[in-house]
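**Q** Residue numbers (our numbering), protein chains in the order written: chain P, -8 to 400; chain U, 97 to 363; chain X, 3 to 302.
Mixed in with the good hints there might be a few duds.
[To be verified] No more than 25 Å apart at the CA atoms, straight line, and that leaves these computed lysine-lysine pairs for DSS-like: (1) K94/X x K2/P; (2) K245/U x K388/P; (3) K90/X x K186/X; (4) K130/U x K298/U; (5) K176/X x K90/X; (6) K94/X x K144/X; (7) K170/U x K245/U; (8) K144/X x K170/X; (9) K245/U x K391/P; (10) K176/X x K(-1)/P; (11) K130/U x K170/U; (12) K170/U x K320/U; (13) K170/X x K3/P; (14) K(-1)/P x K94/X; (15) K298/U x K320/U; (16) K186/X x K176/X; (17) K170/X x K2/P; (18) K298/U x K245/U; (19) K298/U x K170/U; (20) K176/X x K3/P; (21) K287/P x K388/P; (22) K186/X x K94/X.
Quick caveat, the hints were computed from the structure, so don't treat them as lab data.
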Amino acid sequence: MAAESFVKNLKKSAVAALWLSFLTMPIMVIRVDTVEKTIAWRWMHLVWMLVGSFVFALAWHFLMDRRDRGGAATDANVEPTPSRFAVWLANPRVNRPLMALGLLFATAFPFLFSVYQTNILISALIYVVLGLGLNITVGLAGLLDLGYVAFYAVGAYAYALLNHHFHLGFWAVLPVGGILGAFFGILLGFPVLRLRGDYLAIVTLGFGEIVRLVLQNWDAFSFGPSGVSNIDRPGFFGITYSVDQATTYIYYLALLGVLLAIFVSGRLKDSRVGRAWLALREDEIACQAMGIDNTKAKLLAFAMGATFAGFMGVVFAAKTTYINPASFTFMESAMILAIVVLGGMGSIPGVILGAFLLMLLPEYMRAFSQYRMLLFGATMILVMVFRPQGLIRARRKIYKVNINTVDKA
Amino acid sequence: MSETRRDAVLSVRNMSMNFGGLRALSEVDFEVRKGEVVALIGPNGAGKTTFFNCITGIYAPTEGEVLATARDGKTRRINGMRTNLVCELGMARTFQNIRLFASMTALENVMIGRHCRTREGLFGAIFRGPGTRREEQEVVDKSYRLLQKVGLENVANEYASNLPYGAQRRLEIARALATEPFLLLLDEPAAGMNPQETLELKEMVIQIRHEFDVSVLLIEHDMKMVMSLSDRIYVMEYGRVIATGTPAEVSADPEVIRAYLGEESDA
Amino acid sequence: MEYFLQLFFSGLSKGSVYALIALGYTMVYGIIELINFAHGEIYMIGAFTGLIVAGLLTALGWPVLAILAIAIVVAMFYSGAYGYTVEKIAYKPLRNAPRLAPLISAIGMSIFLQNYVMLAQTPDFLPFPNLVPDFAFMQPFKSFLGTSDLFIIVASIVVMAALNLFIKFTRMGKAMRATAQNRKMALLVGVNVDHVISMTFIIGSSLAAVGGVLIASHMGQINFYIGFIAGLKAFTAAVLGGIGSIPGAMLGGLVLGWTESFATGYVSSDYEDVFAFLLLVLILIFRPAGLLGKQRAQKV
């Protein structure tokens, strides 16, 4: 049986490889320049394509067979029992020491590694917070926000411009960034509240583009494409630092941000508000019929996610000391979404893992860096098809029932 | 048009619902009195679920009036009121095609029902002070007790989607009860249940009415259950109420036998 | 007046292309209620295929109009094939998944295709030869209506008329309408739904390719990113007209084209893209069903 289906898969894969190679032939092989009147034939690409797509198709069919045999795993209406690893990881005796170890390592990091490495990790930490913020909107409340980066831009420009014009410091602007993020979240939330999931996605996408285009074109306000430079690094009671020290300082700020984000989103997840978000994600009609004000829940989810991004925008501007609209394209939003999707929608440890994987892997595999977005795109498709719950499945809290009061009743 | 009786908790007058050119409900008069179990029966497509949707604010009726008298004794006009406010007022429903929150546990599903009776906000959730903790614990305990009432306490921490069909139907009832309704609306609660489960469900509805002091309005196809459970029955066909009365009166009505029972007997 | 006419016709030709792309969105949405985010990329791939064909045939010294015709046909074929394959890989396995899943997979596909073309071709703009010669009889209108504008308008009308005939009178067209109305019923009466879905993707993608080649020849350059903005705007057009409605997509394309053309002509050219998005947000707030769409009742 197994051998038979393997042969069948081989045949299917060969057909798929031929088809995909034929499909990609013009774009992969031929490159024309109609001005110079040159044509480049790159036949080697076709060979790679044949081999690559055959391997890909074989893996695809193998995974597809497994998925269909598992049946339950892809059926939206059945929650599979968690794997033994997940149960093991969920045990406080296991995860508490692991977390402590991780925290210790994170605290010591700037002293163990170079400034260059620390800088990379700061970016990763910023994306952890962004991922956790988007996780509230997309993962918990199920509102597909494709313009998330706009809120990040709002925070960054808030600091850059207030610093440039009024010399306001980092700490003064940090709360402003968060509040402005929340404000824009609600501003965007209002018009899109009534929209269904897919409309919402496209409107948020449009909104993100509007913000970027305005920043790019409104020279008088945002200095156009050239952006704002010479932004102050954060101070600390008037002490000024060397660049290295400032990096370490920002590193700890970002780390603190991550801890706060974990704390806040963890608390929210298992609260009255968080449960309402989940219900909203699962079934909007039933959610409202059970007495939840969908409008309010949606606005809150938007505002909460946006607040995280607003805060991080300020940190980002302080870290790079230079920002321009090019840092806030749709690709950033897509990357943050990929983090949430890959990690596991609604799962806090999943999103953290996702952020580290997607931010650090391309950084340390420079040879692949140009394939980064290609792989992100592929990841989003493959995760949705084969592992919709992401790397780490979100788990629900087991509530402790107070037996005494129950028995009395 | 009959005068609304003083003890009516829901009274619908002359309600019609049009979808474009299609008249799904036509001049419906309807009443549920305090403590009653009322059944709404009729062939498929007669407009029963549309009726539910109209009185719970999912649709706004084109004409007519829907009046509800909540526990505070005040009568309000609730046409086109937002669904969540209808629920908050005290009319909670279940769904014909079960609509549970699949990736939440059974207990959490019931806890959602407590949402409109609790107040904890964003900051309460983040700082989790003593007030919040007390409220949360109350929600958990009350929800658990409701699970006990419908016999699901052993599966409290199972995901709702993993429960068997009959259990899912009962979970929906527990979730609706958690909102502290004065009127419980059940849309085909016995659909897909075997005779034994149906019997248990009937006992449960009787007990719930008694214990929670609610009126019950149910749509149901199981005639045995309807006849033995309900105080009064409304029969609907093509969006109109064609008969109403006690089970005995309705089952003797020739119009009803023609329209409904006749068809149903060969099912 | 001449300025007005110039804006009118450039809006009309732009709008026709939006309409061509919007048809793909609207047809797919009508059948499987999915926003095919990768549709803009299919349009971009059509333009690139057209460029490659044009490059090859120019080297062989073929006449311009023949090149145009062949480029369009080959681009239609390849875009159709891409559309078909995209559906098989990214959407078909997710047909019973929660709503968010195919949307995310669609975004992933869009990002993937963009970067695939960027890596296989170039991240820079590539020049695209002008495949529409200036006809002599167009001389008196030249100041406000270029030949390629006229060509785009005429070609779009022809293609859309053909599509309408196809949907009204062929077996497949009828099956498509049936599936759009009620997929389950269509299945019950013997419509091969998988087949219909594939066909919808193929047709929608081919139409986008026509728009891709025509607009590329008009603009004179292309890059891997053109599909993103064009896709967004075409989607706006589809929503504007009422998503799921084919005449709606055509009307929406024209309204959007004119809005953009007049707004950039009379207000400010810096914000061309902003107008489109603002229009999208406004329609969705005030008339989410679009100009010709019907408000569908929720199924409970």
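**Q** Are the Cα atoms of K(-1)/P and K94/X separated by 25 Å or less?
**A** Distance of about 20 Å is within 25 Å: holds.
**Q** Does K298/U sit within 25 Å of K130/U, going by the straight-line distance between their CA atoms?
**A** holds (19 Å)
**Q** CA of K170/X to CA of K3/P, is that 25 Å or under?
**A** violated (36 Å)
**Q** Under the criterion that the straight-line Cα-Cα distance not exceed 25 Å, is the pair K94/X, K2/P satisfied?
**A** holds (21 Å)
**Q** Taken at face value, is the distance from the CA of K144/X to the CA of K94/X at most 25 Å?
**A** Distance ~48 Å between K94/X and K144/X Cα, so the pair is violated.
**Q** Hint check: K176/X vs K90/X, CA-CA at most 25 Å. Holds or violated?
**A** Since the Cα atoms of K176/X and K90/X sit roughly 23 Å apart, the hinted pair holds (cutoff 25 Å).
**Q** Is it true that the CA of K245/U sits at most 25 Å from the CA of K388/P?
**A** holds (22 Å)
**Q** Taking only the CA atoms, is the gap from K170/X to K2/P under or equal to 25 Å?
**A** violated (39 Å)
**Q** Given the proposed pairing of K170/U with K245/U, does the C-alpha separation stay at or below 25 Å?
**A** violated (29 Å)
**Q** For the pair we were handed, K176/X and K(-1)/P, check the Cα-Cα distance against 25 Å.
**A** It is violated: about 35 Å lies between the C-alpha atoms, which goes past 25 Å.
**Q** Is it true that the CA of K298/U sits at most 25 Å from the CA of K245/U?
**A** The given pair, whose Cα atoms are some 13 Å apart, holds under the 25 Å limit.
**Q** Does K391/P sit within 25 Å of K245/U, going by the straight-line distance between their CA atoms?
**A** holds (18 Å)
In summary, the numbered hints that this structure violates are 6, 7, 8, 10, 12, 13, 17, 19 and 20.
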